[in-house]
Amino acid sequence: MNYPLKYLFSFILLLILAWAVWQIGENSFGWQNVHTEKFSSIFKRKNPEESSFAPSGSFFEEFDGLPSFPITDGEIDGGLYVIPNSSPSLSKVVLVPGIETRNFILEARIGRTGNRGSVGGLAFFVRNEEEYHLFGMDGIGQFVLVRYTDGRFIPLSEDVSVSTSVRPGRFNVLRVVSTDEFLEFFINSREIFATRDVKEQDLGGVGFFVDPACTLKVDWLLFSRI
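One point on numbering: in the numbering used here, the residue at position 25 of the sequence shown is 906, and numbering is uninterrupted.
Errors might be hidden in some of the hints.
Pair ranges (Cβ atoms, derived) [said to hold, decoys possible]: (1) Arg-1106 x Ser-970: 33 to 43 Å; (2) Ala-1075 x Ser-967: 28 to 38 Å; (3) Ser-968 x Arg-1033: 16 to 26 Å.
Straight-line alpha carbon distances no greater than 20 Å define the calculated SDA-like cross-link-like pairs of lysine to any residue that follow [stated by the list, open to error]: (4) Lys-973 x Val-1025; (5) Lys-973 x Glu-1010; (6) Lys-973 x Gly-1020; (7) Lys-973 x Gly-1032; (8) Lys-973 x Gly-992; (9) Lys-973 x Ile-1035; (10) Lys-973 x Arg-1033; (11) Lys-973 x Gly-1086; (12) Lys-973 x Arg-1028; (13) Lys-973 x Pro-1036; (14) Lys-973 x Gly-1085; (15) Lys-973 x Thr-994; (16) Lys-973 x Phe-1034; (17) Lys-973 x Val-1027; (18) Lys-973 x Gly-998; (19) Lys-973 x Arg-1008.
Just so you know, the hints here were simulated from the structure itself, not pulled from any lab data.
Glycine included, C-beta positions come from ideal geometry on N, C-alpha and C.
With the sequences and hints as input, model every part of the structure.
As structure tokens, then:
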């Protein structure tokens, strides 16, 4: 065999192998190439175990013949799903219908405006309006990680100091990883807290939390059962 051709053939095989390994890694979390600036559906169901949220001009439509989930407590503005809370005193939780699970990866790119001390973020293990978990951030740069039950917030992490992981006034990516053995929390790909104390963990819904005098803006939400 001509040696230059032999080396070229080997190089091509290596490129193919590298691409295959990369594909496996991309799919290990259950989604692939998820971030895009243009969206086509509120919920894109890749299979019954996976969903990805993204704003569009419609609150209910079908994608690939599978029904999406309606989300009605918000509006589309500038390509973002916007959830305002004009109440002077009441926080609210907006559920994403159709999802109840214990083991999952939940991730969203979100921003918030309004009162700097008001919190916006992800709600999970939502059983009702009186019992849920919250992973969010305020406008100062602090993250908040609490469980709401019996009319009060119980910290999962005592660290509510200004976090170098939170970018105040900008969009941040929050991620929650839940299994039977642990809970992990990430901000902009950096792990900020983990716990093995999951005795309170139970089947529940997921969605968004918005404090009074605050508006939450969602670029995208990813969800995968694990």
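Cross-check of the supplied hints:
1. Arg-1106 x Ser-970: 33 to 43 Å: Check passed, 36 Å falls within 33 to 43 Å.
2. Ala-1075 x Ser-967: 28 to 38 Å: The hint (28 to 38 Å, Cβ to Cβ) holds, given that Ala-1075 and Ser-967 are roughly 36 Å apart.
3. Ser-968 x Arg-1033: 16 to 26 Å: The hinted range 16 to 26 Å holds for Ser-968 and Arg-1033, with Cβ atoms some 19 Å apart.
4. Lys-973 x Val-1025: Measuring from Cα to Cα gives roughly 16 Å; hence the hint holds.
5. Lys-973 x Glu-1010: 8 Å, holds
6. Lys-973 x Gly-1020: With Cα atoms ~18 Å apart, Lys-973 and Gly-1020 stay inside 20 Å; holds.
7. Lys-973 x Gly-1032: Judged against 20 Å, a Cα distance of about 13 Å means the pair holds.
8. Lys-973 x Gly-992: Judged against 20 Å, a Cα distance of about 16 Å means the pair holds.
9. Lys-973 x Ile-1035: 17 Å, holds
10. Lys-973 x Arg-1033: 14 Å, holds
11. Lys-973 x Gly-1086: OK: Lys-973 and Gly-1086 at ~14 Å, within 20 Å.
12. Lys-973 x Arg-1028: 14 Å, holds
13. Lys-973 x Pro-1036: 18 Å, holds
14. Lys-973 x Gly-1085: At roughly 16 Å apart (the allowed maximum being 20 Å), Gly-1085 and Lys-973 satisfy the hint.
15. Lys-973 x Thr-994: 15 Å, holds
16. Lys-973 x Phe-1034: Roughly 14 Å separates the two Cα atoms, so the pair holds.
17. Lys-973 x Val-1027: 15 Å, holds
18. Lys-973 x Gly-998: Between Lys-973 and Gly-998 the Cα gap is close to 16 Å, so the pair holds against 20 Å.
19. Lys-973 x Arg-1008: Roughly 14 Å separates the two Cα atoms, so the pair holds.
Figure legend: structure checked against the earlier numbered hints; every hint is met.
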